[in-house]
Amino acid sequence: MRNRLHRLGIIVALVAMVFSLHGTPAGAQAVPRQLRIAVGIDADTLDPASQTTTTVINMIDYMYEPLVDAEYVDRPGEIKPRLATRWQISRDGLTYTFTLRSGVTFHDGTPMNAAAVKFSLERLLDPRLRVPNRHLVSAVKSVEVVNDLTVRITLSQPSPIFLPNIGGALGAIISPTAVQRAGDRFAVAPAGAGTGPYMFKEWRRGDSILLERNPRYWGTRQPFEEVLFRVVPDAGTRLTQLLAGDVHMSMLPPAPDVRNLRRNDRVRVVEAATDRTVFLVLNTQWGPFKDVRVRQAMNYAINKKAILASVLFDLGTVAVSPCPPMMFGGAPQAQDGWPYNPIRAKQLLAEAGYADGFEVNLFSPTGRYIQDFQFAQAIAAQLRNVGVRANVSTMDWPSYVGMILTPPDRTRVQSIVLGWAWPVLDCDGALYGQFHSTSHPPTGLGPAFYKNERVDVLLDQGRREIDPEKRKAIYREAQQLIWNDAPWVFLWTQKWYVATVRNLEGVRILPIEKWDTSNATWKP
Amino acid sequence: MGTYILRRLGLALPTLLGVTLVIFAIVRLIPGDPARIIAGVQASDEEVSRIRTDLGLTQPIHVQYGRFLARLAQGDLGLSAVTRAPVIEEVAIRMRPTGLLAVSSIILATLVGLAAGIVSATRQYSVLDYLVMTVALFGVSVPVFWLGIMLMLVFSVHLRWLPAGGYGGPAHFILPTITLAAFSIAIIARMTRSSLLETFNQDYVRTARAKGVRRSTVILRHALKNALIPVITVIGLQFGALLGGAILTETTFAWPGVGRLLVNAITSRDYPIVQGIVLTFAMIFTLVNLAVDLLYAYVDPRIHYG
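Taken in order, these protein sequences are the chains called B and F.
Just so we're aligned, residue 1 is where the first sequence starts under the working numbering, counting upward by one.
Just so we're aligned, residue 1001 is where the second sequence starts under the working numbering, counting upward by one.
Since the hints were derived computationally from the structure, they do not count as laboratory data.
Backbone N, C-alpha and C define an ideal beta-carbon position, used for all residues, glycine too.
Any given hint could be a false lead.
[Stated by the list, open to error] Restraint ranges, calculated between C-beta atoms of paired labels, are given here:
(1) F:1092 - B:41: 37 to 43 Å
(2) B:109 - F:1099: 47 to 53 Å
(3) B:523 - F:1058: 32 to 38 Å
(4) B:461 - F:1058: 33 to 39 Å
(5) B:523 - F:1092: 52 to 58 Å
(6) F:1058 - B:95: 35 to 41 Å
[As the list claims (entries may be wrong)] Output of the computed footprint for chain F on chain B, the stretches with three or more beta carbons under 8 Å from beta carbons of chain F:
(7) 43 to 57
(8) 127 to 133
(9) 196 to 207
(10) 220 to 232
(11) 239 to 250
(12) 402 to 410
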């Protein structure tokens, strides 16, 4: 008996130990040789021309560089030199002449020069290559080599957003030799192709992507010899790996854990606003939503601030305009967003003949936007207070896109949750694809089926106008019209966030849902 | 024996053909346009239709199926719609981690499950029996993702003994193997216990005891060998399930296995990959079933195939 008690004592002590022991924080050591980052998804392709997904672009950004960079944080919208040091734009806006940075070599040792630029940009126009965002460069008519370090690009029509459009992964300058050598394997093993601070080393499909430091990099030398992106689809596991010290940074840990993480002194939550607006689409050609008063009532009925605080853990900011103010042309319409006023909502509904409310379908994806299905239910509860009976349901993302792309006569869309962001911080991207009448499904992705002839004219003008001040005025007017027509319930712009170990300092979040470790340092 | 194996393999062909037909139809019935999903929501229409043509999706469905079969006959499963790499290559890369995890789990499950079952059966209605069966009940009921996260919290976050997921050296195998094996351990233990208890009541066991044969010999030689047939069936089924159904474990532990590839392929509407994986699973199940049948003959000489 004594013996048994004794044994029990040992077991209890062991269990207690298990739960009391805390290992040392992940990086109480010197600079790690390898920076390990847990990401939510694996790459589909490493070819910069074929990119569709921000997180994958975020990873390949370590390897490739475009001619110019768009500045996102300090002076949003400014275009900065990268592989091009200078550029001149002809007065008619049709010819761009770039002077290239001299002495830059690709990872395979070949020189980065005008011929490589011509090769890389013309490759984007090759119909045999899969380039989902080819439309961003469709204005390019020709690319000429002027001399070894000078390139002239001619456009078929002036484009105020041409520079930012080639300032991303799509415009990456890659080594013709490396592309040729890799052949069919380029998308899975792009060895030697880039000029960036890190070089491709290995891609273990479904597991990890490993990069090594480029010893000949022309820019700032990076503190880590290698960068490893580890594919960890489960948000809870990404957080666990960070807490266990297996990785130094995790993208998007579970939203409900963020409040606690902010108080945890072993980790750092880095968060920032993005240009992703999250909204409730109202099909303006369906039943009650044909009446603008009903659509406005929907906006009055929802308390965005309360939902942000209680359902989104403050991972968002109330939307104040159809195009977020951080984007070029963004013009705030109301200081704190559309006011919450259920009494006004009821009045408007009564005026429109819906004093007793109505029934409506509300679809939401699950796991696509922060707390999406959860906040959809909160919205339904608030709509009930003004008599609108919303039935919430969800479906997987491809089916969801399929539903959005259904033409108006067959669409199931009455009200749906959607998010819209654009890699270039310009209102053209934020507005055209949602509010121009050519963007109606099935050819576009604007499921509100919104049509306002004046807005159409303005959005077309915005695409051609080169004078920045005139463009701003154009977008200001368009946003005012859209705001009052209320084809959406304007909800919020969501934040983007990562968690890092304490030692990793200087990680930034870019407003286009990316992290940036290019200025990060390690504090032992 | 040889002709029996050949005949069984021959019979598998129509089964596999049926599988191709069903899976081919089903993936095309799920809503969502693969070309649009692959091109990304911001792609232009021309690009989407170009990709659709690329993938052969503009042809009538029976033509698509015919082409698929013709290529399959030459051992060609086609290219992944997303990565454009051969399906065989994509599946093979991801089959290895899944296979290794399934093998380590079934070994653990068989060893622990058999041992627990024997202990339980030989000490029926003892405290130990109740304890083992309660733990087994826990094993069949606990959700895999919860068990996985709890193991990681204790052994990775608090103790820092083992890595929190990821694929790598032997240490990486420990937690996912335990997590994946938990259910199978429980099933095998319960099956072993009940099957053993049944044989304990048989005359030959009593006779063996009466002859004065050692207790351990009676249990392991006389009783266990006869009790093993249903246990082997269960182990075989479990192994098939472990190979194909480790999706939750693979997701929780960031394991680059074929289960996750399948889920990703479904959500990205990568038809060729889905077809390739389901076909591979069907083949594996057929082979495992055959192996189980052959094992019967080995364990019980009264069974023979000819």
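Which hint numbers does the structure go against, in order from smallest to largest? As far as the earlier hints go, 1, 2, 3, 5 are violated by this structure, in ascending order.
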